[in-house]
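Student: As a plain string of letters, each chain reads:
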Amino acid sequence: DVKVTQSSRYLVKRTGEKVFLECVQDMDHENMFWYRQDPGLGLRLIYFSYDVKMKEKGDIPEGYSVSREKKERFSLILESASTNQTSMYLCASSFDRYSNQPQHFGDGTRLSIL
Amino acid sequence: KNEVEQSPQNLTAQEGEFITINCSYSVGISALHWLQQHPGGGIVSLFMLSSGKKKHGRLIATINIQEKHSSLHITASHPRDSAVYICAVSGGYQKVTFGTGTKLQVIP
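From first to last, the protein sequence lines stand for chains A and B.
One point on numbering: in this note's numbering, the residue at position 15 of the first sequence is 15, and numbering is uninterrupted.
One point on numbering: in this note's numbering, the residue at position 16 of the second sequence is 16, and numbering is uninterrupted.
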């Protein structure tokens, strides 16, 4: 079974802090994704990656950056946290970009910015 | 960009009832996904389909490509089915667009 692990379930940070959210998958998947989920808006794609050291902007990349130094790990960085970044963050992975396999999700990190 | 609409947004059912959740999308797709999210956040994939019908236990998913419409059915609903059900569509290269979800509550 694919396991996608997010480093924290709950996180509280202060405005202006640099925040790191970590995600690790154990199935050698090529694709990794970061989403945020807000009530009434559904999941929105922040960034994704098809390979190590490769990243692509999603629909709402502003205020975020990512890092993928190793295949199994995809980090989301909030450079200077703001209150409008309070949200549920979900990481996902999938086999590759061609085979149309389902995405596997982590349990989510509920981030509060005070 | 694909638009994904789900209905209803909220649904309350009595245990044992037959439940239908609908999903419509605006642009041709390579696959449609049904996902389940329980309170607490974790999302699991229930079905991925590109044509016809799939069944898993009490869950049935259908898709009509010409009408750009899919339905998720739950037979003999149970309180443990209470969750948010999310429809999502994928075009090329794993870019996925998600609906806003249907919150289902099944009452004993």
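To be clear, the hints were calculated from the coordinates, so they are not data collected in a lab.
Note that the coordinates shown come from a computational prediction; the quantities given were computed from them, not determined experimentally.
Heads up, a few of these hints could be off.
Said to hold, decoys possible - Okay, derived cross-link-like pairs now, BS3-like style, lysine-lysine, Cα gap no bigger than 27 Å in a straight line:
{"no.": "1", "chain 1": "A", "residue 1": "Lys70", "chain 2": "A", "residue 2": "Lys53"}
{"no.": "2", "chain 1": "A", "residue 1": "Lys57", "chain 2": "B", "residue 2": "Lys95"}
{"no.": "3", "chain 1": "B", "residue 1": "Lys68", "chain 2": "B", "residue 2": "Lys95"}
{"no.": "4", "chain 1": "A", "residue 1": "Lys57", "chain 2": "A", "residue 2": "Lys3"}
{"no.": "5", "chain 1": "A", "residue 1": "Lys3", "chain 2": "A", "residue 2": "Lys70"}
{"no.": "6", "chain 1": "A", "residue 1": "Lys71", "chain 2": "A", "residue 2": "Lys55"}
{"no.": "7", "chain 1": "A", "residue 1": "Lys55", "chain 2": "B", "residue 2": "Lys55"}
{"no.": "8", "chain 1": "B", "residue 1": "Lys95", "chain 2": "A", "residue 2": "Lys71"}
{"no.": "9", "chain 1": "B", "residue 1": "Lys55", "chain 2": "B", "residue 2": "Lys95"}
{"no.": "10", "chain 1": "A", "residue 1": "Lys53", "chain 2": "B", "residue 2": "Lys95"}
{"no.": "11", "chain 1": "A", "residue 1": "Lys53", "chain 2": "A", "residue 2": "Lys18"}
{"no.": "12", "chain 1": "A", "residue 1": "Lys55", "chain 2": "B", "residue 2": "Lys1"}
{"no.": "13", "chain 1": "B", "residue 1": "Lys54", "chain 2": "B", "residue 2": "Lys68"}
{"no.": "14", "chain 1": "A", "residue 1": "Lys57", "chain 2": "A", "residue 2": "Lys18"}
{"no.": "15", "chain 1": "A", "residue 1": "Lys3", "chain 2": "B", "residue 2": "Lys95"}
{"no.": "16", "chain 1": "A", "residue 1": "Lys70", "chain 2": "A", "residue 2": "Lys57"}
{"no.": "17", "chain 1": "A", "residue 1": "Lys18", "chain 2": "A", "residue 2": "Lys70"}
{"no.": "18", "chain 1": "A", "residue 1": "Lys3", "chain 2": "B", "residue 2": "Lys103"}
{"no.": "19", "chain 1": "A", "residue 1": "Lys18", "chain 2": "A", "residue 2": "Lys55"}
{"no.": "20", "chain 1": "A", "residue 1": "Lys57", "chain 2": "A", "residue 2": "Lys71"}
{"no.": "21", "chain 1": "A", "residue 1": "Lys55", "chain 2": "A", "residue 2": "Lys3"}
{"no.": "22", "chain 1": "B", "residue 1": "Lys103", "chain 2": "B", "residue 2": "Lys68"}
{"no.": "23", "chain 1": "A", "residue 1": "Lys13", "chain 2": "A", "residue 2": "Lys55"}
{"no.": "24", "chain 1": "B", "residue 1": "Lys1", "chain 2": "A", "residue 2": "Lys57"}
{"no.": "25", "chain 1": "B", "residue 1": "Lys54", "chain 2": "B", "residue 2": "Lys95"}
{"no.": "26", "chain 1": "A", "residue 1": "Lys13", "chain 2": "A", "residue 2": "Lys57"}
{"no.": "27", "chain 1": "B", "residue 1": "Lys68", "chain 2": "B", "residue 2": "Lys55"}
{"no.": "28", "chain 1": "B", "residue 1": "Lys55", "chain 2": "B", "residue 2": "Lys103"}
{"no.": "29", "chain 1": "B", "residue 1": "Lys68", "chain 2": "A", "residue 2": "Lys3"}
{"no.": "30", "chain 1": "B", "residue 1": "Lys55", "chain 2": "A", "residue 2": "Lys57"}
{"no.": "31", "chain 1": "A", "residue 1": "Lys53", "chain 2": "A", "residue 2": "Lys71"}
{"no.": "32", "chain 1": "B", "residue 1": "Lys103", "chain 2": "A", "residue 2": "Lys70"}
{"no.": "33", "chain 1": "A", "residue 1": "Lys3", "chain 2": "A", "residue 2": "Lys71"}
Student: Hint by hint, note whether the structure agrees.
Tutor: Taking the hints in turn, this is what the structure says about them:
About 8 Å separates the Cα atoms of Lys70 of chain A and Lys53 of chain A, which keeps this hinted pair within 27 Å; it holds. Our distance criterion of 27 Å between C-alpha atoms is met by Lys57 of chain A and Lys95 of chain B, whose separation comes to about 11 Å. Among the hinted pairs, Lys68 of chain B with Lys95 of chain B is consistent with the structure: their alpha-carbon atoms are about 18 Å apart, no more than 27 Å. Between the alpha carbons of Lys57 of chain A and Lys3 of chain A the distance comes to roughly 24 Å, so the proposed pair stays at or under 27 Å and holds.
The suggested pairing of Lys3 of chain A with Lys70 of chain A holds, with an alpha-carbon distance near 16 Å, which does not exceed 27 Å. Distance hint between Lys71 of chain A and Lys55 of chain A is fulfilled; the C-alpha atoms sit about 12 Å from each other, no more than 27 Å. A threshold of 27 Å between alpha carbons decides the hint, and for Lys55 of chain A with Lys55 of chain B the separation of about 36 Å lies outside it, so the pair is violated. Taking the CA atoms of Lys95 of chain B and Lys71 of chain A, the gap is about 19 Å. The hint holds against a cut of 27 Å.
Taking the CA atoms of Lys55 of chain B and Lys95 of chain B, the gap is about 25 Å. The hint holds against a cut of 27 Å. Between Lys53 of chain A and Lys95 of chain B the CA atoms are separated by roughly 19 Å; this keeps the pair inside 27 Å, and the hint holds. At roughly 21 Å between alpha-carbon atoms, Lys53 of chain A and Lys18 of chain A fall within 27 Å of each other, so this suggested pair holds. Annotation: proposed proximity of Lys55 of chain A to Lys1 of chain B holds, straight-line Cα distance about 20 Å (limit 27 Å).
Our distance criterion of 27 Å between C-alpha atoms is met by Lys54 of chain B and Lys68 of chain B, whose separation comes to about 17 Å. With a CA separation close to 19 Å, the supplied pair Lys57 of chain A and Lys18 of chain A stays within the 27 Å bound. About 21 Å separates the Cα atoms of Lys3 of chain A and Lys95 of chain B, which keeps this hinted pair within 27 Å; it holds. This hinted pair checks out: Lys70 of chain A and Lys57 of chain A have alpha carbons roughly 19 Å apart, not beyond 27 Å.
Annotation: proposed proximity of Lys18 of chain A to Lys70 of chain A holds, straight-line Cα distance about 21 Å (limit 27 Å). This hinted pair checks out: Lys3 of chain A and Lys103 of chain B have alpha carbons roughly 25 Å apart, not beyond 27 Å. A C-alpha spacing of about 20 Å is found between Lys18 of chain A and Lys55 of chain A, which places the hinted pair at or below 27 Å, so the restraint holds. Among the hinted pairs, Lys57 of chain A with Lys71 of chain A is consistent with the structure: their alpha-carbon atoms are about 18 Å apart, no more than 27 Å.
Our distance criterion of 27 Å between C-alpha atoms is met by Lys55 of chain A and Lys3 of chain A, whose separation comes to about 22 Å. A threshold of 27 Å between alpha carbons decides the hint, and for Lys103 of chain B with Lys68 of chain B the separation of about 22 Å falls inside it, so the pair holds. Only pairs whose Cα atoms come within 27 Å are accepted, and Lys13 of chain A paired with Lys55 of chain A is accepted, the gap being roughly 25 Å. For the hint pairing Lys1 of chain B with Lys57 of chain A, the CA-to-CA distance comes to about 15 Å; that is within 27 Å, so the pair holds.
Taking the CA atoms of Lys54 of chain B and Lys95 of chain B, the gap is about 22 Å. The hint holds against a cut of 27 Å. Between Lys13 of chain A and Lys57 of chain A the alpha-carbon distance is near 24 Å, which keeps this suggested pair within the 27 Å criterion. Only pairs whose Cα atoms come within 27 Å are accepted, and Lys68 of chain B paired with Lys55 of chain B is accepted, the gap being roughly 20 Å. For the proposed pair Lys55 of chain B and Lys103 of chain B, the alpha carbon gap of about 21 Å is at most 27 Å, so the pair holds.
Restraint check: the Cα-Cα separation between Lys68 of chain B and Lys3 of chain A comes to about 32 Å, which exceeds 27 Å; the hinted pair is violated. Proposed proximity of Lys55 of chain B and Lys57 of chain A is contradicted: the alpha carbons are some 35 Å apart, above 27 Å. At most 27 Å may separate the alpha-carbon atoms for a hinted pair to count; Lys53 of chain A and Lys71 of chain A meet this at roughly 9 Å. At roughly 37 Å between alpha-carbon atoms, Lys103 of chain B and Lys70 of chain A are farther apart than 27 Å, so this suggested pair is violated.
For the proposed pair Lys3 of chain A and Lys71 of chain A, the alpha carbon gap of about 14 Å is at most 27 Å, so the pair holds.
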